[in-house]
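Chemist: Going down the list, the protein sequences come from chains A and B. Take the numbering used here: the final residue in the first sequence is number 670, and no numbers are missing along the way. Take the numbering used here: the final residue in the second sequence is number 248, and no numbers are missing along the way.
Listed next, the in silico BS3-like pairs over lysine-lysine satisfying Cα-Cα at most 30 Å (straight line): (1) A:Lys644 with A:Lys252; (2) A:Lys584 with B:Lys11; (3) B:Lys148 with A:Lys370.
These aren't lab readings, by the way, just hints derived from the structure by calculation. The structure displayed is predicted, hence computed values, not measured ones.
Take a look at the letters that make up each chain.
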Amino acid sequence: MALDSKVPKGPLKDKWTDYKNHIDLVNPANKRNIDVIVVGTGLAGGSAAATLAELGYNVKAFAYQDSPRRAHSIAAQGGINAAKNYQGDGDSFYRLFYDTVKGGDYRSREANVYRLAQVSANIIDQCVAQGVPFARDYGGLLDNRSFGGVLVSRTFYAKGQTGQQLLLGAYSAMNRQIARGKIEMFNRHEMLDVVKVDGKARGIIARNLVTGELERHSAHAVVIASGGYGNVYFLSTNAMGSNATAAWKIHKKGAYFANPCYTQIHPTCIPRSGDYQSKLTLMSESLRNDGRIWVPKSIDDVKAIREGRKKPTDLSEDERDYYLERRYPAFGNLVPRDVASRAAKERCDAGYGVNATGEAVYLDFASAIKRYGTEQAKIQNISNPSEAKIYQLGQAIVEAKYGNLFQMYNKIVDEDPYRTPMMIYPAVHYTMGGVWVDYNLMTTVEGLYCLGEANFSDHGANRLGASALMQGLSDGYFVLPYTIGDYLSNDIRTGKISTETPEFAAAEKEVKERIDFFINNKGEHSVDYYHKKLGKIMWEKCGMSRNEQGLKEAMAEIKALREDFWKNVTVPGDANEMNPELEKAGRVADFLELGELFAKDALNRNESCGGHFREESVELDGLQKGEAKRNDEEYAYVSAWEYKGEPADAVLHKEELEFNDIELKQRSYK
Amino acid sequence: MNLTLKIWRQKNASDKGKMVDYKISDISEHMSFLEMMDVLNEQIINLGDEPVAFDHDCREGICGMCSMYINGEAHGPDRGVTTCQLHMRSFKDGDTITIEPFRAAAFPVIKDLVVDRSSFERIQQSGGYISVNTSGNTQDANAIPISKEAADKAMDAATCIGCGACVATCKNSSAMLFVGAKVSQYALLPQGQVEATDRVLNMVAQMDAEGFGNCTNTGACEVECPKGISLENIARMNTEFLKASLKG
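For reference, chain A alone in the conformation it holds in the complex (with noise of 0.2 Å):
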């Protein structure tokens, strides 16, 4: 099959608005007979569930956990980007789109940047109105702050917690369509497979996990929204139950999957501590604003600091090696995320790690705070005001705007990050491929939709900060109620969608088998051996640096390893009733055939570019050496592999991606 990306002709600014302007619409009589499935209720599920609801579809949305409000977009800290151009400093449509794709290396589809750049600034509207309480100034306005790889203050939050304000927002539309009876909520429900009906996407079978029970639903579209795959890695910054299945599932029924190579791994995370480590915890991009990062220059301040002999504050500014400042002096500290983190990697593989395990650097608040303390003290009309009470001054404004993350870090580390530097290592963070989708976000399954991080489409090869949140309810609240409505006005004749049918009752069977299986295994090893040891693979082979041999081996490692799972793996407990084990299991699974697929993926893009480095393909020389290479001759396209059976054989389909608006270059931010 061809891939078509259905990209509206014309030029890029009227895209979208000729595009509204000519799609088919359904009267609104129409739409209470048409009913629309959403799998997943963070950002993009949620939004998207709570305005087919208003419009008038009745929808069905599932969530895993007992609310949608804990889907894991809760957790995004720094915040949300959107071309306001409030502070007066040259943001405007083409900017962000500008940023955007550059950021993400010039692997992302132009169309759907620019359409994700116009409506951004309308999801601000939204939220407000909502009731999102965004972080204002005295003036009563709307404040901003700078993330990493732009050069103007874009982004809305709310404290550290945006992320939480925003799904709340989404939380509270989906309650009030749950009030009137258009959104069905299924919580602690999770889809298990996907249902065709002469090539369309029909329905889903779901399992209840309270009482194990499978259930098939069926509707006249189904909309994935299941979030990122970043839990192939066991460690990562997602949450404990994130997982690929939904969005594997329909790979496996011919939805093609994306560039799944292209992985973000996020610099300040809190670095690993021991062999029972669960997960991973973020310390928000937006720290990079006023927190500065370093290494010892000398590698004897190395040792003293990690035998105890020293401590971070007792070196002086220029025993520091500001690395980013002084390699990026354009960008600093606010580099992209794939810059920072192959940054620290690159001092901490040449031994300047600060910590036990060799794998920290320090991200400094020092001079923010008696940068603000000064500032304050004046404000404040203190003459010549001590050291303490400069400090005092400073901590009280980094607080302030900080001050959740610093507990977090606190109460992990159990260190203060007020008065020593926080150590951070970058860590999977979130997955830029996803389910491959055209413009109007539907698959290469007809019927079938895929949002948010789950698709691939806005972010290229690498995110920007604060661009997730924008991307998730910009496809639920504005994109996906447009697209989808063109589709289901040919379904105003269909009537309701039987379950009773043999395509269901085929799908209800195979998800039944593969449970039966796991119960009935009585393997050796649980779920968790086989995760664990996936995930070292992973990041050993797959992770912020990449080489041919390393990906064939992690190819080879991973089908043995699911070849043992598949005759080892133990779940206790049963089927009917409520078992974590078994979800786990189901999950790990279908990890184990996309960490295949990854590694397939990533040795046939033989070029660096964004998130995916591969140690064949550098500047060897000039301003740039060291840095990634990228190839636009060969490797400018989409990668969209057609599942075949084994994730080794599945087949390439590439979307050539054309620039037409912007110019190809390399991206420097020196």
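Following the hints, complete the assembly by docking chain B onto the known chain A.
Modeler: Relative to the frame of chain A, chain B by itself:
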């Protein structure tokens, strides 16, 4: 460190349930409490038994899933944290730790330490929203200035994670802090004023219908709240309720 755990085991909603003792050794003080539970479960699985079911997800204190009652305190002995943020450094070698689910009539146990908090969902559905459709044509976000003080207070109220610690810790199983936080968030913002009367009346009615108890100003909820939601929010809800009742 080596520990004795006394854990509530209950197969399903209709099972009577009982405390069961477990021994666990070589626990690092740097582990989180839930990582200690992971180690325990791995141990149980390797012995061929059923692991302890407990709710958890983000493990960074924001999703509100985790909900353990540890040594008689919601989310355990530390302050300002959820169960997942509690670390083993809060305990010492040889300790016996009692772990129970959040208990309240409106939070029935589903299995082991997992409880059903759908009563919270129904309260939110009864009025925890502002009735504005998604259109792309709402007025500009800066059209109505909101004082920084009001915005900050609304934010403080809005940080509630809906975990239910307030209910579990209250001797009356009252949900006033949870409901007060939502009512306050909207009461403090101009966008929330339009529906203020109906909202507070409906949410309080639903809260009562779910079987949550009354507030007797003990203040335990505020102490145990992992997000530091203040009692002020209950006072504000009471004011709003009185205003709404007088309006009829």
